[in-house]
Every structure is written in structure tokens, then in C-alpha cells.
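Protein chains: 4
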Amino acid sequence: MNFGVIGYGYWGPNVVRNLTNIEGSRVVAIAELSAKARHHAQKAHPGIRVTSDTAELITSPDIDAIAVITPVWTHYELAKAALENGKHVFVEKPFTSTAAQGETLIELARKKNLKIMVDHTFLFTGAVRKICQLLAEGTLGKLYYYDSTRVNLGLFQHDINVLWDLAPHDLSIMDYLIQADPEAVVATGQSHLNGHEDVAYMTLYFPDQVIAHINVNWLSPVKVRTTLIGGETRMVVWNDLEADEKLKIYDKGVNITNQEGVYDLLVSYRSGDMYAPQLPQVEALREELSYFIDCISSGADPHNDGCAGLRVVKMLEAASESMKKRGELVYL
Amino acid sequence: MNFGVIGYGYWGPNVVRNLTNIEGSRVVAIAELSAKARHHAQKAHPGIRVTSDTAELITSPDIDAIAVITPVWTHYELAKAALENGKHVFVEKPFTSTAAQGETLIELARKKNLKIMVDHTFLFTGAVRKICQLLAEGTLGKLYYYDSTRVNLGLFQHDINVLWDLAPHDLSIMDYLIQADPEAVVATGQSHLNGHEDVAYMTLYFPDQVIAHINVNWLSPVKVRTTLIGGETRMVVWNDLEADEKLKIYDKGVNITNQEGVYDLLVSYRSGDMYAPQLPQVEALREELSYFIDCISSGADPHNDGCAGLRVVKMLEAASESMKKRGELVYL
Amino acid sequence: MNFGVIGYGYWGPNVVRNLTNIEGSRVVAIAELSAKARHHAQKAHPGIRVTSDTAELITSPDIDAIAVITPVWTHYELAKAALENGKHVFVEKPFTSTAAQGETLIELARKKNLKIMVDHTFLFTGAVRKICQLLAEGTLGKLYYYDSTRVNLGLFQHDINVLWDLAPHDLSIMDYLIQADPEAVVATGQSHLNGHEDVAYMTLYFPDQVIAHINVNWLSPVKVRTTLIGGETRMVVWNDLEADEKLKIYDKGVNITNQEGVYDLLVSYRSGDMYAPQLPQVEALREELSYFIDCISSGADPHNDGCAGLRVVKMLEAASESMKKRGELVYL
Amino acid sequence: MNFGVIGYGYWGPNVVRNLTNIEGSRVVAIAELSAKARHHAQKAHPGIRVTSDTAELITSPDIDAIAVITPVWTHYELAKAALENGKHVFVEKPFTSTAAQGETLIELARKKNLKIMVDHTFLFTGAVRKICQLLAEGTLGKLYYYDSTRVNLGLFQHDINVLWDLAPHDLSIMDYLIQADPEAVVATGQSHLNGHEDVAYMTLYFPDQVIAHINVNWLSPVKVRTTLIGGETRMVVWNDLEADEKLKIYDKGVNITNQEGVYDLLVSYRSGDMYAPQLPQVEALREELSYFIDCISSGADPHNDGCAGLRVVKMLEAASESMKKRGELVYL
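Residue numbers (my numbering), protein chains in the order written: chain A, 509 to 840; chain B, 509 to 840; chain C, 509 to 840; chain D, 509 to 840.
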């Protein structure tokens, strides 16, 4: 499988390195606008063609698939051109700037019989796979809430707000784990510096009393990557910054009893052991790109396809609309 | 100063112990409905009158002030009776169940020339006093946001939701630190067990782009007491569960520059040292009760008076209204 | 059971409080030399006789047992007098200043048919009991090492070095868990301030390749209470400063294989899950004092009797001798 | 500067990558015995000559300097051959297997006017440089102790014990920071698996009451990299596993007063703020290799030269001798 990679900024080098290392995959060309980044790309990969000409990649007959690792506002045009030229597309998250763009790309890929994969990297981590397994097996019991905090200092984006920058991680994970569509979204936030919200909060109402909340912030002095997942029988704390014990599963919960009277509580607590399962030490991006190559070969649709990307974009659009009106409930 | 204490459940014993230890203060009677709690009270304090008769305390001529350490729905009647009988009142947070009740009590105290103090204990901790000083001295620069997480397993209340139970801490601290009235509130949440919301989120919009957010949860497997405060020049992380370094002040921030162009960021980061000031090791409740006694003696109004308690109740009422409508913006 | 308590400094108040709360136990008198401490004792416990006259307690006919909660150099004379007057003795750790003193007390108690308990409080914590159970059940496999770090700033003792102050905790725990006598001791250390070593390290060689090490330090800026216990099949980290997860049990270990050759490792690693068992939330001192009362009533010898105290004193004597000679191997 | 690198196992790839990236430096050949490692080297660096023939590198006329990144027992022969062929030598720590070997190499390099650098990488980290500065400026006051814990699961070495594997890091840092020769060494340890000690403890006595201690362990379930440094006026905790606040400086210490009497302490505590200085985010190995190239160019002797490496080897030899006799004091 021959790849062209567009964009060699922060994330592009990781995509190139992994595509190079995967058996049966090769990067034949990199397109990048910045001369400095092109210099780094050429130095690190003397055997790869490096160019500023995006069109050259997209139309190149020796390229089977294009990886679009550029700012979100460029995704639609680049992916569309790639699909029109018969290339499969791997595209950075969020998928597109609007739901309409996403729908167009999905339709185009369907017609051309090409694959789209949206880079929802976290779905390929050991932690998310383990949580998925715990939910599927019923270990957590009925889901109560999903609560994520994803804050740090920067990186400020000039074209999107903090929700579009950081929340796609959480929304794609939620979408994968909860396997239900949110009914409505409430988002609040504030911009302090360059017009885009740098602090934002998002609540999603799911069916069956499931509630999700996302706290994203570009102005935090400390980096936090913590998700709490509460279930009826067990609860999970996922701290992605921990080196060794990212996932802690608590045998804790609540029992409802039938006591009555003003001073009697209707609810009692159950507190038990905690365990931290060993997670496979894999590089998620490598897993994801291997899966992309497998899907292209087999013709299977990846679970993180254009439709998954579109669901996330729709949530982001709803959140933006809600935030603009300072927290109005927006139905999906 | 002779005190009567009503309520000897979770918090009452601490109030009794501190009032006993403070020079010039004495507890003469405890009223408590539970026979078991009365037994504990009497065993621990053989010299104090222990009774189930609340009215006896409230009308007792040897009592100067009443501490009301009972569930919120009883505050109004007990405090009203105490004031009517000429007693100063120290009342557990939240002040009252409704703003109207709070206003009545404030007016009554004013007429009777009596003092009300609402137990906003955190205002008397070394951490909050230090943050207050940092803000007053301009160390943090212009305030950007206040973001608090206060979650743990239980204790479920049978009469109020998690917002009324846990958020008064944060609202009273915010009210004390920000020294401005919030313009509007958005709250979301979900109940899973006994009809009261057990997971809730609250955003407060303040003037001058200041935003505050509170995350409260009775269903968290881990206890978290962390507040992030972002300012233009410095940022604070307050982890109240740390034994020794509760407050960390980061010399981190954002500089806005005038660069332009699609790929140039308008914002750059400034990252520097962190320092953790030594905080005085005081018991906040003791400080607060001493201050109450001083206010009664001197005739001064405490800063955590009925009006402060009322401001918190108004925010809670607005939040409840917003949460009922799944996040509607409610102006204050 | 009527108790007299000698010493109301740092630890004495906890002994008095627990003896007061235990059903069937009562403190009738407290002896203390400091007038200030006597004042605090009387204020907190108006119903207890408080005196500066130690002899009055020891000879008092209404007292069944004496708790000696004083500096180590006073233990021998006080405990001896108490035993001679027919009182059971609960004595603070370390048992005595010399092994000879300990032997005399044990012999005296035996003759008088009285009980001695040495206050090895940690043996009654949920953590130590759980570790004991893990070892007894074979969960950890063959024991490899026991490695404890117990450091903090102060409290400097004027009469003993840091080994005699802090290591008795670890030595008594080790003695309880390992259930074998150490063969030899090596200790190193240094004094910087008042002539007593304030930093010290102690290695104990046990049979069967078991090695133990203790790191104690009065000059550490941070408090550490961490013990690593390595076994053939599982390993334990006990962090006593953690609120909720004091004990972490790792399914980690080493497999020895028979590969040969210069570049082949003879050892491979096995890495697995971690779990943190829920520990009972008990106050260890209360458990210990209840056990003492039970032993007196039933006539049973406590496991933390004078002999256990003596074993610890012998290790401390050997360590002092070794440290004086800068690490000479001292056989026990 | 043209480099040949011998050894492409765990650390070799990092040396090659950094030498490739440094301006003015180039790797022309890699020698490695393992065919698998040679394959990885060639794939990652298609432009570099990869061979199994060490002699070819050592005698190659296009190579100026040799990096010896192999097991310690091979260092002497490889470095000697390189020096004899007129190459400068960068050699992995520990320098050599014996002090005599180290002395021979130093003498040979002196005669040939060639440079030896021993890879004491930690000396080039932001943390060690900052501590060095704090000591030099007198910020910590007179040094009291240096106490390091360096434990984790594996990697077992087949040819050396845990002291020779892990302690060189600490010994080289101590040697750099304390700038005095230790007077004597005491080491204890135990082997449990393959004949080499896998758990070991080492005390070093320095002049002026400075004591150092090193705890190294291949059988720990958790990774620890923590060093405590106690000074008269300030104390440092260096946790190398922290992402952002590796170094914490405590304004804590001890004041000696002249009070006397049995119950008066001669020592009181001073407790103050903590601060964590921002450290430069540099890759230590790159700094070190750049410094090596600079030293070769300028003719200056690096501070981590053969003599520094020899001092560490002498401490290791003394420790091995002490450990063999179960903690005998060995003078240096």
C-alpha cells in the first residue's frame, strides 16, 4: 500500500514513521507548505519524495491512499480531491468543518467504492479497548455517567475553539463506548484572548439517564487527562497520564434500599477492592493505520469511518450553537 | 458566650468540640432527636445538658447564641425561633431552602439587632485566605476562570440534590473570591437513584469574561477536591486533599502577540516556576467560630453573614431552575 | 478494667481516649510531669484524676493495669515498679533501653503472672494484617526482600537516635511478618546536629536469602512511609500515607529459564494486574488496647508481648553497635 | 566529526539518532553482533554502513571517534583498540570492569592525545545542572546527606550485579555534585535468582559528616527514581519520573538552639515554602554528545572524562568487596 501524506507539522511525522514501519506499507511522498518542515521531513526520511505541491500527491498514479494531516478547515477540499482521484483517505480529526461537508465526502467515497478513516486514535489504545470490553461484558453494570477532563496550557488554534480542538477525542470515545446517540447538548464557554473560546464545558444527554460531560481548557497550568465512568456495579477512573496504571476499576457502587423515614437514607454505599488491569503496550496510531490498511485490503468498513467522524462533527456543531446562546439546549 | 447546639450528627460534634475549646465560649446544651447521637454526645461531654427538646434550648435564658447544625429544610424554622427569642444564630450551609426564607431571617435579625453567621467554613482555611490575598494583591492578574471539581461516593441526602449538598462550598468560596455577582447560570445534571440529581454541572457567567464551573457528583469512586483558577499572569491549582502542598501557584500564562497570517498563532505561552506557599495549619471551624464570637462582642457584621448565605441560596435556586429545564440560561 | 496512664505528651492522649471509649475499660488516673500537659488532660477529661505523682498511680489499689507512655529511658523503672505492685503493663515502643532490662521485666511478669504488652501499634492496622494474611496464604510466594522508608522532618529526640525512634515500627512489623530471626545486622548513619544519628540505614540478613532494609531520617523535607515487599510470585507496595489505597499488590515477578549463552538472559519478567484490596477502617490503637484487655481477661499471652519487644530491642542494640563501627557486621 | 558506533541494542539507537541530528556530526558505520539488531539499524538508517565486523570500524580511516555502547566486560578491549588506532572514545557507563583497566585507558589516551568521555548522561539533564547550581550558590547550605532510590522490575544483566548496573548513575551524579572523595563504603545486598545480587544498598561516608546512600533493586514492582538531598538551609526532592516538576526545593531545615534540660529539645524545625523551578527541556544525551564534539574540537578535557569514570569504578569495586563480606567497611 503506497501512501501520500499531506501535512508534516505536529502529528504528520508520527503518521509517516508508523506507515514506514508497518509491513506492507510505504510512504512515497510528503506534501507540506512550510519549507522548514519540508527540510525536517527530508532529513529524517531521505528516501521519500518531499514537495510543496499537494496536487502532485493527490494525482500521483503511484499512490493508493492519502493521509490528510492538516488543519480542519482544509480537510474537505483535500479529502474530496483525493477521493475524486481514486485514493482512499485517512483524515485527521475532526473529520470536517461542517456536517454537510462530511456527508458529501461519505457519499463520494461510497460512489467511488473508497474507504475513509477518521483518525480517532484513542479508540486504538489499550485503555479504551479495555473499557469497551468491560462495558460489553456487563462488568460495570448499567452506565450512569461519563465525565472527562482534558485541560492543559495550549496549544491555541487560530481557526477553531477549544471544543473543536480537544473535545473530538472525548466525543469519539463516547460514541464508541456508549453506542447510543445523544439526544441533546448543552455547552457553555468563554473566550479570553483571540475570540475563540479557550475554556468550554459540554453536557450530553443520552437515553436511559446516561449523562456525559466534557471539560476542555487551553488555559490550565497543569495537564489533566482524566475520565470517570460510573456504572451501577463498578466504576472506572482512567488517567491517561499515568505511566503504568492508566485504568483503575473500582468495585464500588450504590445500593438502594427500602428504608423510610425522615432520617433514613434510601441509598447505601458498597465499597470494595480496586484493580488495575495490565494493558497491552501498543502504539495506538500504529494499530489504527494497520487496521486502515487491513480494511482497504479486505473491503471492510472501519468502525471509525466517515459516519463515525460525521457523528462527532454533528455533536460539535450542536455544541457550538448551544455555546453561542450561552448554554441553550440543542437537540440532535 | 453561652451556646446551644441543635443537631449532633456528622458536623455537630466538631462545632461542640470547638466551642468548648475556644476561650470565652461554652456549650451549655445540645438538642438532638436521635437517641443514639444523644448518647454519644453525653458520653463525650458529661458536663453538657443533652436533650431532645429543641424548644427548651431556643427559649433557655442562659443561652446567648444557637448553632443550627441540622438538615437544610429545618434551618428556617429553627433560626426564626432562635432569633425571635433573642439568640444570635450560627447556621449550617446552605443558609435556607429558599431565598424568601433567607430574606425573612435577615430582616428579622436586623430588627432584633442580632447576628447571623452562615457556616461557610472554607472561607476560614489557609488555602482560601491565601488565594484571596493573591487576587487582592494582583498576583494572578485579571481573573479568567474558576473551575472546581468536588466529587466522591456519597453521602446521599434524602431531601436535597447534589448541587444543594456540595456546591454551596464552591459558591461561597467563589462569592468571597470573585467579589462580583454572577449574571446568569446554566446547570445540567441527572438523577439515577432516588429522584434527586446525583451528578450535576453548573456554569456561572460573571462580568468581564469571568466564567466559573462546578462539577459535583455523589457517584464518583474517588474523592476529588480540586479547583483551578486561571489568571492573566499566574494560575493556581488548589488540591484540598494534599496534606502539605494544597496550593500550587504557577507562573504560567499566555501572551498575545500581533503576528498575523494563517499559520501564525496569535497567542504564545509563558511557562515558569511553580511555588507552593506554606499555609498556616489552623482548624478553619475554630477560626470561624472565634470570628463569630468576636462579631457578636464587637457588633461587627461578619462577611459570611445572612446576606452572603442568601447570595449562595439564590445561585442554587437559579441552578435548580436551569437544571429542571436541562440547561436553560437563568439570569440572576 | 481500670487503667492508670503515665505520660500525656504526644501519644498519651490517644491512649486515654481509646481506653475511655472501649466498653469495659476505664482510665481512673493520669500521671504527667508537665503542668501544661496536666492542664490539657484535666480539661479534656474532667472525670479523671490527674497528678504529677507517678508513684501514686503505681501503688493505687483501684488500678489494674498501667500504660507507660513516656520516653524510652524511663520504661524500665516505671514498668518494673508497676509489675512489682501487681499491675499489668502496656508499654510504649521500644520496650526498654537495653535487652537486659527487657529480660528482667519479662522474668518479673512471669513470676507475678502479669501481662506485658509492647505498643507495636502497626501490627493492628488493616494493612499489616492483610500483608500477614497474604504471606500466610502463600499469595506472595517465597519472600525475597522487605524494604522500608520512614522519613520526615523531626521530631528530634534528645535521648535517642533516629534508629531507636523510628525503626521499632519496622522491626516489629518485620518480626511479625517474617517470623524468623535475623542472623546479622549492618547499620550505617550520621549525626549532623546534636550528637545522635539523624540519618540511618539498617540491613538485616535473614535465613533463606531474605534481606530487609530500613531507611530512617529526621531530616527529610517530605514525609515518606513506604514499604516494598518482594516475593517470588507477587509483590506489595504499602504506602501508609495514601488515604484509600494503602496496599497495592502486583502480580509481577521473575521467571528463571534455562537459556544459556552470553547474550541470553537467564531471567525473564512476568508483569500483570495490580489490585488494591479494601482494608477495614479501624483505629489500630483501639484494636490493640481491646486485645490487651482480652488477653488480661483470658490469661492468653499477646503476640506483641515482652518477648516481641525484646526481639526488637536486641536488633536495635546490634544496629547501634554496627553503626558505631560504621557498618560492621554484627551477628544476633 | 565522523563516528563509528559499536553496539545497537537498547541505548545504541539513541546515540546514533543524536549523533545524526547534531550539526557537524555524522555516523558513518555501526557494528553490531546481532543480525536482528543490524536489520533494525539498516532499516532506520539506510545511509549508514552496518556491519558485524567491529575491527573494520576501529581501523577505518574515515572514522574520527568510536562510541562503545556494549556490555561493560567488552569496554576495555574495544576502547583500547580504538585508542590505539587513533580514535577518540565515547564509552558507556560504567567505564570499565576494573580500576586497573580504566587507568590503562586513561594513560593510553594521554599518550595518544585522544579524548575519552564516559557516558554519565544524567550530568547533562536540567535537574542535575540545577542541583549543581543550587549547591554552588550555597542555596542549600552545608550538605548533610544524599539519598537515592533507583528501583524497578529488571532489566536483569547476565554479567554484572544490580550495583554495577544501576548505581553508576547515582555515583557519577554524586561525584559531580559533592566534589569530594568518599572516605569509605559499606554495601549490603542479596542475590535471589542467578547468582548476581538483585537487591543492594550502599552507604558512602564523605568528609564533613556528609553521608550518601543508594538503594538499587531489580525486583521492585514499581519504578522509583527519587533522590533526597538534605542541606542545612534547604532540601531538595528530585523525582525523575515527574513530567513537569522533577525538582522540588523546600525551604525547610533545622535550627539548633541552646536550650537545655531533659525535656527541652535542642533542635527546632523551620518549615517554609516549596518551589519547583522550571527546567530546560533538553535531551541530555544530545547535550552530552555535543559537548564531546566540542571537547574534541577545542582540545578541552570533558568533566566526565576517563578520570571521572575511574572514580565511579573504584567506588563500585569497593562496594563489591564490601558486599561480598556482608557490609564490611572498605576504605577508598
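Please note: incorrect hints may appear among the correct ones.
Identical chains blur together in the list; that is why a pair holds if it fits in one copy or across any two.
[Claimed, not checked] The calculated DSS-like cross-link candidates involving lysine-lysine, where the alpha carbons are at most 30 Å apart (straight line), are:
no.	residue 1	residue 2
1	K544	K638
2	K650	K588
3	K832	K619
4	K544	K754
5	K822	K544
6	K619	K544
7	K731	K833
8	K650	K833
9	K731	K638
10	K832	K650
By construction, these hints were calculated from the structure, which means they are not laboratory data. Predicted, not measured: the structure shown is a model, and the values here were computed from it.
Verification of the hints:
Proximity of K544 to K638 under the C-alpha cut-off of 30 Å is found in neither arrangement, the shortest distances being 40 Å within a copy and 32 Å between copies. Within a single copy, K650 and K588 get their C-alpha atoms no closer than 41 Å, and across copies no closer than 45 Å, so neither meets the 30 Å cut-off. In this homomeric assembly, K832 and K619 never come within 30 Å of each other (Cα to Cα): the closest approach is 36 Å inside a single copy and 46 Å across copies. Taking identical chains as interchangeable, the C-alpha atoms of K544 and K754 are never at most 30 Å apart, the minima being 36 Å within one chain and 32 Å between chains.
Proximity of K822 and K544 under a CA criterion of 30 Å is satisfied in neither setting, with 35 Å inside one chain copy and 48 Å between copies. Within a single copy, K619 and K544 get their C-alpha atoms no closer than 38 Å, and across copies no closer than 45 Å, so neither meets the 30 Å cut-off. For a Cα distance limit of 30 Å, the shortest separation of K731 from K833 inside one copy, 29 Å, qualifies, whereas the shortest one across copies, 33 Å, does not. Taking identical chains as interchangeable, the C-alpha atoms of K650 and K833 lie at most 30 Å apart only when they sit on different chains, with a minimum of 25 Å there against 33 Å within one chain.
With identical chains, the CA atoms of K731 and K638 are at most 30 Å apart both within one copy (23 Å) and between copies (23 Å). Taking identical chains as interchangeable, the C-alpha atoms of K832 and K650 lie at most 30 Å apart only when they sit on different chains, with a minimum of 23 Å there against 33 Å within one chain.
Hints 1, 2, 3, 4, 5, 6 from the earlier list are contradicted by this structure; the remaining hints agree with it.
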